[in-house]
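2 protein chains.
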Amino acid sequence: MYTLYGYPKTRSVRVAWALEEIGLPYEYKVVNLKAGEHLNSAFKTLNPATKIPVLVTEQGALSESGAIVTFLAEKHAMEEFIPASGTFERGLYEQMMIFAVSELEQPLWSKAKHTFALPEQHRIPQMQNTAAWEFDRALTAFSLLLNDKEYVCGSLFTMADIVTAQVLSWAKGSELDLKFDNVKSYAERVLSRSAYEKAWRNEVAHLAKADA
Amino acid sequence: MYTLYGYPKTRSVRVAWALEEIGLPYEYKVVNLKAGEHLNSAFKTLNPATKIPVLVTEQGALSESGAIVTFLAEKHAMEEFIPASGTFERGLYEQMMIFAVSELEQPLWSKAKHTFALPEQHRIPQMQNTAAWEFDRALTAFSLLLNDKEYVCGSLFTMADIVTAQVLSWAKGSELDLKFDNVKSYAERVLSRSAYEKAWRNEVAHLAKADA
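Chains A and B, in that order, are what the protein sequence lines are. Take the first sequence: its position 169, counted from the start at 1, is 169 in UniProt numbering, and no numbers get skipped. Take the second sequence: its position 11, counted from the start at 1, is 11 in UniProt numbering, and no numbers get skipped.
Please note that a few of the clues may not be correct.
What the hints assert, rightly or not - Distance windows between CB atoms, simulated:
#1 A:Trp-133 x B:Gly-86: 35 to 45 Å
#2 A:Glu-79 x B:Phe-88: 42 to 52 Å
#3 B:Glu-58 x A:Ser-155: 13 to 23 Å
What the hints assert, rightly or not - Here chain B is said to cover these stretches of chain A; the calculated rule only asks that three of the stretch's residues, wherever they fall, bring their Cβ under 8 Å from a Cβ of chain B:
#4 48 to 55
#5 63 to 70
#6 102 to 109
#7 126 to 138
#8 181 to 189
None of these hints come from the bench; they were simulated from the model. Every residue, glycine too, gets a C-beta built ideally from N, C-alpha and C.
When you get a sec, could you build the whole thing from the sequences and use the hints?
Dropping the structure here:
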């Protein structure tokens with residue numbers, strides 16, 4: 001059985017969501033970010049980059065949410081959740097996954113880093129404006145890339161939608177408008193899946209139990 | 001035949017390098033960034049995110065260098081350049097690819113954005129220090145992730161090494177020290193491959209011809 005290290009309202013929900021979609025059982029361990037547990041040497045052994053999520057498999061630990069969800073789909077989901085290897089659609093899947101984590105997410109991560117995640121001496125207040133401008137530019141590109149497609153790879157719901165929609169939900173949480181009708185209805189469509197609600201409720205429940 | 005849209009000393013060399021490693025013929029088209037050709041409407045149709053590289057395939061255009069090289073390896077390289085689908089090593093490949101583009105590269109891209117790539121009113125001079133600090137942190141994590149391995153996935157040279165080593169070469173170009181012995185010898189090992197030299201020489205030659 002897999003063990004997922006995570007914390008509510010972070011990137012770990014992407015992996016929990018993927019596990020729920022596939023229907024895989026998993027053990028969930030809270031890494032209390034507020035207590036700095038991600039900086040402990042035990043956690044550093046799992047991920048030297050000191051970031052959640054980490055998925056512990058029988059063969060070792062994997063980090064980077066976009067990689068973990070792809071790994072899970074390839075290993076367990078047969079022909080669901082990821083286009084077949086070697087096809088153009090699979091190329092598009094990889095493109096949209098990297099676009100999500102490197103273009104769409106980075107401005108949101110910048111906003112968070114310069115609010116609380118960086119050591120105080122490295123935070124720059126003006127980055128809030130620059131990051132908002134960068135998000136707007138990435139969102140415009142995303143709206144054009146999505147076009148009138150149901151999901152980022154077309155009619156197939158994939159793991160790239162999990163990562164993309166979670167980034168869009170993060171944007172709404174950062175009070176950034178999704179602006180484009182196709183993006184708004186896409187976010188609604190993907191974020192209304194029951195596996196997503198199950199995943200985040202489970203993370204919240206585990207934190208409450210750990211805090212009790 | 002593939003058409004690669006690129007410009008010397010940018011991320012497009014990763015795709016040219018991958019094509020050279022596999023031994024695929026390709027047409028190379030210079031997108032003159034200095035003349036703003038990446039902002040033309042014709043190029044925007046290929047990639048709404050207005051970034052090179054773009055690889056035009058028979059079925060459409062693909063962007064995001066990390067995605068394109070994975071697509072090429074899956075489609076053409078049989079069991080070379082990428083671990084088999086569904087294995088732990090493949091998960092590691094995806095992890096290291098995303099680590100390269102989202103952790104290791106982003107601080108370098110930040111430095112470039114706040115030097116020339118962003119519109120002037122969005123550039124923040126203090127970002128140079130923060131980005132250097134972030135690169136140092138990502139490099140430390142990379143050194144631990146690499147450990148004593150020959151390549152990022154172990155003994156197999158993969159497309160993730162192309163992206164990672166190109167990022168390290170970019171760092172050296174930005175006068176950032178690679179600091180760790182294992183990282184330095186890894187960069188040397190990967191960047192000394194003849195396909196890399198062939199790729200960047202070809203890009204430079206095409207620009208010279210376009211400029212003539």
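Structure-based check of each hint:
Separated by about 41 Å at the C-beta atoms, Trp-133 (chain A) and Gly-86 (chain B) satisfy the suggested range of 35 to 45 Å. Restraint check, Glu-79 (chain A) to Phe-88 (chain B): a C-beta distance of roughly 21 Å breaks the suggested window 42 to 52 Å. Between Glu-58 (chain B) and Ser-155 (chain A) the C-beta distance comes to about 21 Å, which sits within the given range of 13 to 23 Å. With a threshold of 8 Å between beta carbons, the proposed coverage of the stretch 48 to 55 of chain A by chain B holds, since 3 of its residues qualify and at least three are required.
With a threshold of 8 Å between beta carbons, the proposed coverage of the stretch 63 to 70 of chain A by chain B holds, since 6 of its residues qualify and at least three are required. Judged by the Cβ-Cβ criterion of 8 Å, the stretch 102 to 109 of chain A is covered by chain B as claimed, because 4 of its residues qualify and three suffice. Restraint check on the stretch 126 to 138 of chain A versus chain B: 7 residues with Cβ-Cβ distances below 8 Å, three needed, restraint holds. Counting residues of the stretch 181 to 189 of chain A whose CB lies closer than 8 Å to any CB of chain B gives 0, so the stated coverage by that chain is violated, three being the minimum.
The earlier numbered hints that this structure contradicts are 2, 8.
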